[in-house]
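Can you build the whole structure from these sequences, using the hints too?
Protein chains: 2
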Amino acid sequence: MNFKDELIKYAGIINTELEKVLIKDDVIEKKLNDSVEYSLMAGGKRLRPVLMMATYKLFKEDIDKVFPFAVSMEMIHNFSLIHDDLPGIDDDDFRHGKPTNHKAFGEATAILAGDSLLNRAYLNLGLELAKSDIDRDLKIRSFNELSNGVDRMIIGEYVDTEFEGQKISSDYLEYMHKNKTGALIKASIRIGAILAGASEEDLEKLSIYGENIGLAFQIKDDILDIVGDETILGKPVGNDVEKHKSTFVSKYGLEESQRILENVTKEAIDIIENYPNGEFLKELAIYIKDRKK
Amino acid sequence: MNFKDELIKYAGIINTELEKVLIKDDVIEKKLNDSVEYSLMAGGKRLRPVLMMATYKLFKEDIDKVFPFAVSMEMIHNFSLIHDDLPGIDDDDFRHGKPTNHKAFGEATAILAGDSLLNRAYLNLGLELAKSDIDRDLKIRSFNELSNGVDRMIIGEYVDTEFEGQKISSDYLEYMHKNKTGALIKASIRIGAILAGASEEDLEKLSIYGENIGLAFQIKDDILDIVGDETILGKPVGNDVEKHKSTFVSKYGLEESQRILENVTKEAIDIIENYPNGEFLKELAIYIKDRKK
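Sequences listed follow chains A and B, in order. Taking my numbering, the leading residue of the first sequence gets 136, the next gets one more, and so forth. Taking my numbering, the leading residue of the second sequence gets 136, the next gets one more, and so forth.
Among these hints, one or two may not hold up.
Claimed, not checked - Within a straight-line C-alpha distance of at most 27 Å, the following computed DSSO-like cross-link-like pairs (lysine-lysine) qualify:
id : chain 1 : residue 1 : chain 2 : residue 2
1  : B       : 378       : A       : 380
2  : A       : 165       : B       : 302
3  : A       : 378       : B       : 166
4  : B       : 380       : A       : 238
5  : B       : 370       : A       : 274
6  : A       : 302       : B       : 165
7  : B       : 192       : A       : 313
8  : B       : 200       : A       : 166
9  : A       : 155       : B       : 274
10 : A       : 380       : B       : 155
11 : B       : 165       : A       : 313
12 : B       : 313       : A       : 165
13 : A       : 165       : B       : 386
14 : A       : 302       : B       : 313
15 : B       : 165       : A       : 386
16 : A       : 266       : B       : 274
17 : B       : 155       : A       : 159
18 : B       : 166       : A       : 166
19 : A       : 166       : B       : 274
20 : B       : 139       : B       : 159
21 : A       : 274       : B       : 266
22 : B       : 238       : A       : 380
23 : A       : 274       : B       : 340
24 : A       : 238       : B       : 238
25 : A       : 266       : B       : 166
26 : B       : 238       : A       : 378
27 : A       : 302       : B       : 166
28 : B       : 378       : A       : 165
29 : A       : 386       : B       : 166
30 : B       : 274       : A       : 200
31 : A       : 313       : B       : 302
32 : B       : 274       : A       : 378
33 : B       : 200       : A       : 274
34 : A       : 200       : B       : 266
35 : A       : 165       : B       : 266
36 : B       : 155       : A       : 238
37 : A       : 166       : B       : 380
Since the hints were made in silico from the structure, they are not lab data. If you're wondering where the values come from, they're calculated on a predicted model, not measured in any experiment.
Structure below.
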């Protein structure tokens, strides 16, 4: 199967699983559930669950074992996007070519939809893990990776807002990005590896692969905010400049950022090429570097 | 020991446990941790952890068994207060006699401090349960009670904001309060009972006790918003009227609300009087009814 078809297949699998956590009942709080569904099913790339599944497949075939964590990870990622877009944080109007959650449902509902997604991610995980026959220690380690990853993501988000409009050192920029974007990407890869019973050595190597593609993802985001096509991106470009955000481009310029992007992608590829089943994750690193949205 | 001393003793125990989850390090995100500490250690009544411990003590003595859930419950309660006070939801300036979190730390930090508290509640619970020798099934059931309670609380909060300023039926009012205030109170009691290995019959009875004191707590809140003393409450009165909130008082008037309060308190007491060790929980029901803040 070629890379694009495999990517679509993985995303399809996770979309089917996500459908199962949606609440379609005609309850008093229906609008809250609608707003959760609006964001969760908005057509994101499902990068984190795909990474989790693909990493698991480096070692084992039965990828349904990762579904509880993959679903919760994607719910948590979408919680973070809803809150990130809020008027009190980034105040963004568009995402994936559609109005952001608070633009569509109002601010109070958006705050609570985000809260609900984060909580339901754990609620769902608890229910699924109770039924799962994964080894107890692997469950505990993976749960720990997830909750720590979310903690780091929130910290990165905080650093981003707190130092908006200020010139920050490259150490701060790296700390921010490592946490804000990198933490959940790295956690996804680590959870995939842990659940597959990977050795500590493999876990270490794949973590470095994860750090590199996490960094690549953020640098590409920063580059796209300058040179991207709004109709493809589904959101306005120039946002970061307007908000005086510290980005790779504002710090290093476009050309140097592109060079760093090429470098970290190469580092990721150098690691993953050592794995017999690593072709998809290699292509994924290239896809992250070359994507238009 | 008299009731007040025992209440203070319980609150002291939970405060000591909460101190352990605070992060005091001098990290880049120090302000985020400070804002979490600001709300978590603001001197709340610790009602939910106290209920959990006191319910456990109806059956067993070793109350340290409930600490992981008691700590997480209080963290989650405080997350809900921070988000409840946000400009995008209730827009309140004071709580416990101090500026609300967003007034003290800014809106972005308050949103993220709430997110962080909710997530760290689960992070902490995962770490503690991994070490705990509680029976696996009891852990799973309690985790499920917690996450479902939080889900219901968020739903109640949503109904409160969504129907603000509208005349709502008594069914809606009850649904809102049962979830917004009642869900975490009931969950605290149920978790205490479950962890102590209570029978299904006891669990059912104590749930009804919990529903009644949850309702009593909310009715008293609504009454205090009209006739309370601002200097004791630590926040302005008349807030609900100003925001056209649907409350027991707006629906039934002050006198009838007081009568309902007496009734639900009596129903709670009738249940708890059947327990040989139920004296504290009986006094607690009276305390909730008669409190000044």
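Here is what the structure says about each hint:
1. 378(B) with 380(A): Cα-Cα ~36 Å, so violated.
2. 165(A) with 302(B): Holds - the C-alpha atoms of residue 302(B) and residue 165(A) are around 19 Å apart, at most 27 Å.
3. 378(A) with 166(B): Roughly 21 Å separates the two Cα atoms, so the pair holds.
4. 380(B) with 238(A): Status holds; Cα separation ~24 Å.
5. 370(B) with 274(A): Outside the cut-off at roughly 44 Å; violated.
6. 302(A) with 165(B): holds (19 Å)
7. 192(B) with 313(A): violated (45 Å)
8. 200(B) with 166(A): violated (39 Å)
9. 155(A) with 274(B): Cα-Cα ~24 Å, so holds.
10. 380(A) with 155(B): violated (35 Å)
11. 165(B) with 313(A): Measuring from Cα to Cα gives roughly 17 Å; hence the hint holds.
12. 313(B) with 165(A): Distance ~17 Å between residue 313(B) and residue 165(A) Cα, so the pair holds.
13. 165(A) with 386(B): holds (24 Å)
14. 302(A) with 313(B): Between residue 302(A) and residue 313(B) the Cα gap is close to 49 Å, so the pair fails against 27 Å, i.e. violated.
15. 165(B) with 386(A): holds (24 Å)
16. 266(A) with 274(B): holds (13 Å)
17. 155(B) with 159(A): violated (40 Å)
18. 166(B) with 166(A): violated (34 Å)
19. 166(A) with 274(B): Violated, at roughly 32 Å.
20. 139(B) with 159(B): violated (31 Å)
21. 274(A) with 266(B): Cα-Cα ~13 Å, so holds.
22. 238(B) with 380(A): holds (24 Å)
23. 274(A) with 340(B): violated (34 Å)
24. 238(A) with 238(B): holds (24 Å)
25. 266(A) with 166(B): Violated: residue 266(A) and residue 166(B) sit about 40 Å apart, past 27 Å.
26. 238(B) with 378(A): With a Cα-Cα distance of about 22 Å, the restraint between residue 238(B) and residue 378(A) holds, given a limit of 27 Å.
27. 302(A) with 166(B): Holds, at roughly 18 Å.
28. 378(B) with 165(A): Distance ~23 Å between residue 378(B) and residue 165(A) Cα, so the pair holds.
29. 386(A) with 166(B): holds (24 Å)
30. 274(B) with 200(A): holds (21 Å)
31. 313(A) with 302(B): violated (49 Å)
32. 274(B) with 378(A): Violated, at roughly 46 Å.
33. 200(B) with 274(A): holds (21 Å)
34. 200(A) with 266(B): The given pair, whose Cα atoms are some 24 Å apart, holds under the 27 Å limit.
35. 165(A) with 266(B): violated (39 Å)
36. 155(B) with 238(A): violated (39 Å)
37. 166(A) with 380(B): OK: residue 166(A) and residue 380(B) at ~19 Å, within 27 Å.
Taken one by one, the earlier hints fail for this structure at numbers 1, 5, 7, 8, 10, 14, 17, 18, 19, 20, 23, 25, 31, 32, 35, 36, listed in ascending order.
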